[in-house]
Amino acid sequence: KAGVTQTPRYLIKTRGQQVTLSCSPISGHRSVSWYQQTPGQGLQFLFEYFSETQRNKGNFPGRFSGRQFSNSRSEMNVSTLELGDSALYLCASSPGHRKVTYEQYFGPGTRLTVT
Amino acid sequence: DQQVKQNSPSLSVQEGRISILNCDYTNSMFDYFLWYKKYPAEGPTFLISISSIKDKNEDGRFTVFLNKSAKHLSLHIVPSQPGDSAVYFCAALTGFQKLVFGTGTRLLVSP
Numbered sequence: 001k002a003g004v005t006q007t008p009r010y011l012i013k014t015r016g017q018q019v020t021l022s023c024s025p026i027s028g029h030r031s032v033s034w035y036q037q038t039p040g041q042g043l044q045f046l047f048e049y050f051s052e053t054q055r056n057k058g059n060f061p062g063r064f065s066g067r068q069f070s071n072s073r074s075e076m077n078v079s080t081l082e083l084g085d086s087a088l089y090l091c092a093s094s095p096g097h098r099k100v101t102y103e104q105y106f107g108p109g110t111r112l113t114v115t
Numbered sequence: 116d117q118q119v120k121q122n123s124p125s126l127s128v129q130e131g132r133i134s135i136l137n138c139d140y141t142n143s144m145f146d147y148f149l150w151y152k153k154y155p156a157e158g159p160t161f162l163i164s165i166s167s168i169k170d171k172n173e174d175g176r177f178t179v180f181l182n183k184s185a186k187h188l189s190l191h192i193v194p195s196q197p198g199d200s201a202v203y204f205c206a207a208l209t210g211f212q213k214l215v216f217g218t219g220t221r222l223l224v225s226p
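Taken in order, these protein sequences are the chains called A and B. The numbering used here puts the last residue of the first sequence at 115; the count rises by one with no breaks. The numbering used here puts the last residue of the second sequence at 226; the count rises by one with no breaks.
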């Protein structure tokens, strides 16, 4: 079974631009979560989508948004980029049924650098 | 507000010895805890988990202990191997698939 894939793996943008990151979950998984990893803050939860609906949201500004498609693939968008948005963005998938499994399977991440 | 804390940023252990990684949490509503291992340039990999109704879960060389009264959990790796060198994250599950992570502990196992 193929793992979680994220594209692109690396990205360089300038302040003020916007960016879209993509995540393809493991086949059959319906839940996709997004996390931001920075050296100072560790891994922080952005949001989670299940069956095309945002089911949970972290404490990030509205510049961070996402969506999920009918095939469970998900995209994350960051508008008006700031230097502090430079981070590793990780996507994780799971079947989505909380009482069945709790483990999330992570992709390799997209390294975003904002200059 | 760091609800999950890993107070040791790094740990060095000799091969064959025990590695003990610690994690404290503040939210008593957490009902499931997980440990992830992360190598550079890769996403975190699930290692082991424990439900709040248990105090111990074992999987091969890895054992997680949970002390609910102290809001503390620990991961024991016995025996430690050089391939275990990685960053270890403790995480707690809250809500639907929302993981709250600690800041990680870098483990270095030397031969």
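Treat the hints as calculated values from the structure; they're not laboratory data. Accuracy of the hints is not assured; some may be wrong.
Unchecked claim - Per the computed footprint, the stretches of chain B lying under chain A, defined by three or more beta-carbons under 8 Å from a beta-carbon of chain A, are:
id: 1; segment: 192-201
id: 2; segment: 214-222
Unchecked claim - Just a sample of chain B residues kept apart from chain A, beta carbon distances all over 12 Å, derived:
id: 3; residue: Gln117
id: 4; residue: Gly131
id: 5; residue: Ser143
id: 6; residue: Lys171
id: 7; residue: Lys186
Remember, it's a predicted structure, so these values are computed and weren't measured experimentally. Yeah, the Cβ is synthetic: ideal placement off N, Cα and C, and Gly gets one too.
Each hint, compared with the structure:
1. With 0 residues bearing a CB less than 8 Å from a CB of chain A, the segment 192-201 of chain B misses the requirement of three and the coverage assertion fails.
2. Coverage of the segment 214-222 of chain B by chain A holds. Counting CB-CB distances below 8 Å, 6 residues qualify, and the rule asks for three or more.
3. Not every CB of chain A lies more than 12 Å from the CB of glutamine 117/B, the least distance being 8 Å, so the non-interface label is violated.
4. A cut-off of 12 Å between C-beta atoms confirms that glycine 131/B is not in contact with chain A; the least separation is 29 Å.
5. No beta-carbon of chain A is positioned within 12 Å of the beta-carbon of serine 143/B; the least distance is around 18 Å.
6. Look at lysine 171/B: its CB is around 17 Å from the nearest CB on chain A, clear of 12 Å, so calling it non-interface holds up.
7. At roughly 18 Å, the least C-beta separation between lysine 186/B and chain A is larger than 12 Å, which holds for a residue marked as non-interface.
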